[in-house]
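Protein chains: 2
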Amino acid sequence: MASPGSGFWSFGSEDGSGDPENPGTARAWCQVAQKFTGGIGNKLCALLYGDAEKPAESGGSEPPRATSRKAACACNQKPCSCPKTDVNYAFLHATDLLPACDGERPTLAFLQDVMDILLQYVVKSFDRSTKVIDFHYPNELLQEYNWELADQPQNLEEILMHCQTTLKYAIKTGHPRYFNQLSTGLDMVGLAADWLTSTANTNMFTYEIAPVFVLLEYVTLKKMREIIGWPGGSGDGIFSPGGAISNMYAMLIARFKMFPEVKEKGMAAVPRLIAFTSEHSHFSLKKGAAALGIGTDSVILIKCDERGKMIPSDLERRILEAKQKGFVPFLVSATAGTTVYGAFDPLIAVADICKKYKIWMHVDAAWGGGLLMSRKHKWKLSGVERANSVTWNPHKMMGVPLQCSALLVREEGLMQSCNQMHASYLFQQDKHYDLSYDTGDKALQCGRHVDVFKLWLMWRAKGTTGFEAHIDKCLELAEYLYNIIKNREGYEMVFDGKPQHTNVCFWYVPPSLRVLEDNEERMSRLSKVAPVIKARMMEYGTTMVSYQPLGDKVNFFRMVISNPAATHQDIDFLIEEIERLGQDL
Amino acid sequence: MASPGSGFWSFGSEDGSGDPENPGTARAWCQVAQKFTGGIGNKLCALLYGDAEKPAESGGSEPPRATSRKAACACNQKPCSCPKTDVNYAFLHATDLLPACDGERPTLAFLQDVMDILLQYVVKSFDRSTKVIDFHYPNELLQEYNWELADQPQNLEEILMHCQTTLKYAIKTGHPRYFNQLSTGLDMVGLAADWLTSTANTNMFTYEIAPVFVLLEYVTLKKMREIIGWPGGSGDGIFSPGGAISNMYAMLIARFKMFPEVKEKGMAAVPRLIAFTSEHSHFSLKKGAAALGIGTDSVILIKCDERGKMIPSDLERRILEAKQKGFVPFLVSATAGTTVYGAFDPLIAVADICKKYKIWMHVDAAWGGGLLMSRKHKWKLSGVERANSVTWNPHKMMGVPLQCSALLVREEGLMQSCNQMHASYLFQQDKHYDLSYDTGDKALQCGRHVDVFKLWLMWRAKGTTGFEAHIDKCLELAEYLYNIIKNREGYEMVFDGKPQHTNVCFWYVPPSLRVLEDNEERMSRLSKVAPVIKARMMEYGTTMVSYQPLGDKVNFFRMVISNPAATHQDIDFLIEEIERLGQDL
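One line per chain: the protein sequences are A and B, in this order. Heads up, the first sequence stops at 585 in full-length UniProt numbering, and the numbers go up one at a time, no gaps. Heads up, the second sequence stops at 585 in full-length UniProt numbering, and the numbers go up one at a time, no gaps.
Please note: incorrect hints may appear among the correct ones.
For chains that are exact copies, the list does not tell them apart, and a pair is met inside one copy or across any two.
[Unchecked claim] Dumping the calculated DSS-like pairs for lysine-lysine here, alpha-carbon to alpha-carbon at most 30 Å:
1. Lys473 x Lys265
2. Lys223 x Lys168
3. Lys325 x Lys265
4. Lys355 x Lys265
5. Lys303 x Lys265
6. Lys442 x Lys265
The set of hints was computed from the structure by calculation and includes no laboratory data.
Chain A on its own, in the form it takes in the complex:
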């Protein structure tokens, strides 16, 4: 096996990112630690060195005992590989940890050491002088380390090394210059909550085994429905494993509402159903239709205007067309915040059409839902309160750790009727508590991960106003980027006008292309620019931003900002970096 961790915790050129703001070597963990003195240290020492045996004295202030202390290693690599005084992981295995007899001590030491590794990673994640990614091609990465699984156990020293190595090659998704996905950033309270969720290690199907989490799901979904604008927050909902599944739920429930017999009889028993969504909508609508036996051909893509918004007149035309063919329109999925342009479909106009033709209105606000938290921006979702169902992913614009996606439904009880199978081994009818809290049978899943706690705890920590501030700041940053590049030499905007969401779509045109006429050759060359710049970004590890073609538009950058760590300087850096990496193309 290769020596994997080498260099990871050391300082030096690997971390040099070319960042003009943070020149030279990295500020690393130990430098942070130097600044770090105080209560927690005392507390830990007291805990670790036996002060806890003293009787409680409120406000007591005796120093921790020194007698039992042993020499610490003094190297500046944490965790270091120096011989440890008392815990030698090379002689410890998983079988020495709890629930082993006398497993507490090694368990606490091991978990604390894992935590050290994680804390170092967290601190590094926010350090602009570190790389966003230490990129290796798949074959390199497969060869660089032995990832294979074997018959025999490894010792805990090796396990700690695997943790380091895994993080060495991971993307720092909390890094201030990571803009690659709609989900970026690393929230500290959300992270703490996710650690707690892992520690509680339970399932959402019944109140019996997840009492608090079931109640928190109830409280949180209700709050989200209130914010959508449904009276008294009434309705239903669930946290599902991602926006695609939330959208699939909406399609499933809409179909059931119109044709409940489909549950028993299948699609053979119902006429041909048609769903409508915009040509800029998320691919999950088609994926869902394929899975649900509706078929992708029955998903009609409605034209968008130049800003990526669904054109209501085209929607109505296609609905009438479908009806004339004897098909049954059953779902319109409007998008609030499209994936690429960040466009908001005109929800009021869509709602009017849905009402007129009695069609289930779904709003895919996976990306745009967060704007409902902002008094300044929520008007972009006006009409969402008329939807029958809404997908809203707090793991995107609200910065909740992955995954946290909600499907909200206006009509209560429908999800339950649609999905319940009454498994008697889980949902016993003769339990001693109120069975309405056994919510598992409304899910497609049986076991369901606890996704609510991180959102709930972040909400308590930030308040609605904290989410609002985050969202307003991200939109302001997007506007800042737009204002810089809209008239800057070498940039062309993909669509005109100020972005409605944080999506800023643009081409960077290298000097050699600026002189070319607007013809096919130029388009062909332009289409190769973004992939090359992106590849270089990853190889240097300085930043990450996404690109794609769309319709007849060749590869362009889609900048999105949901990362709470990003600042104006990071936007400036992005522009400079694109130019640095692309000027020779």
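Following the hints, position chain B against chain A.
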């Protein structure tokens, strides 16, 4: 707001469980801490008190500096509410944490304090003198604490308190006497891995943003396919959010294999499809059929023998019946380890029938798959290598934290063809690395949680032989239970013979019922016994085990053992506890 945490970290009667092995008050955190001295303490102190600023000296052993230390509180409650010297969370908010300027110090302190809370919970979880659950009825729990979400932020002191309160009311799923679900126990390496996964906070859709995790998924799924017995571990697969979704995938892929046109045209384009599974199979087969537009009426339930195994002759009869009606049998889902009885369907006979009639053979080994790791028990799944797809949940019998469910498919590429939608914003075709590692488009989900790392790290830590030892031990414990109660007064077995899995199904018959004739009144009274004992178990918080009716059998206990902490003494305790709580009924 009520004062929530009070009493949680204190010792006393709340923890008295009536456990004869651990009488009296709890061993609690601080007593653990008293035993705890050594390298980690030194290391933390060095880290926290500035030794790190010294130049690295390999093997250096200077003691940590004492100069900058401040007084620690000396109370024995951890975390305590005594005034802290340096970090006063009452004046700190989420906005003071990273990425805030100078956020490192409060962030490290906060995360470390969260970790303290979690470590205390972990230690308590394994302590038999603590309750499995501090049960409160839903309305009580809603009133006992303010769970509501508000506009304004709360300070970090309150956030830490919420963490404590949440854990106070949580089920200790790692507790040695928690037997309620197929997923029990809390593995320390798995937990560490899940914390790391949360910290990495990424998504599985592309290699670009999850390089290591994508490779580990590749390595791990291949290993699982090797163990199933597919030559060279070839084939395909995915980690999905739970066994129900894995089973739904199997159904989806089987349908696509036979009628690929269903993806575009929907179920209207194909004949009526019929799936077959046993009457003891998991409800997710019907749930999947309802969702996929196949309909629950098209899921034929095959009869089981008295041990809960599918009867092959009935399967063949029903296949022929369906064909005579002009329907198309497309899937047989055999179960390896049924939910209630733990029965293994005769896979070889089922495989013969599937081959004869050219039907996709799926094996739902969500619960039984773990036995493939045991040389002693894997014969129970003989024939699984002939399946076209297999569901296998390492989060059940292998003790991996929730969730970790794999769907393995023998034919490579089929999942991709079935589910791909070619979203150009994610799966750009002009990336600079090998695109075969962008595996996201074979999923139904778009974003997908990283579920592989905890399994991979546990596998490295335990080796295949470690999983084998765990599984052999759990099956031995089940046999121990069976041997005790099969002839014990007051017990009746639900089915005869030694259990094949760890499921032991039995009635406890209280003395007052033992004298009654075997008639309807007795059945009616017997049906009320298990729910009452279960309710009392939860109210006392001493243990948890599941019960249910099945077919014409009234409520019986289903004991299952997947908890690595359980011992023979815990089985003895369970029996005594059932008798203690049920003797008056």
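Each hint, compared with the structure:
1. Lys473 x Lys265: Cα proximity of Lys473 and Lys265: none, with 50 Å in one copy and 45 Å across.
2. Lys223 x Lys168: Close across copies (24 Å), not inside one copy (39 Å); limit 30 Å.
3. Lys325 x Lys265: both (23 Å within a copy, 16 Å between copies)
4. Lys355 x Lys265: Both, since 28 Å and 27 Å are each at most 30 Å.
5. Lys303 x Lys265: For Lys303 and Lys265, only the inter-copy Cα distance (22 Å) is at most 30 Å; the intra-copy one is 34 Å.
6. Lys442 x Lys265: Answer is both: 19 Å inside a copy and 28 Å across each meet the 30 Å cutoff.
Hint compliance for this structure: hint 1 alone is broken.
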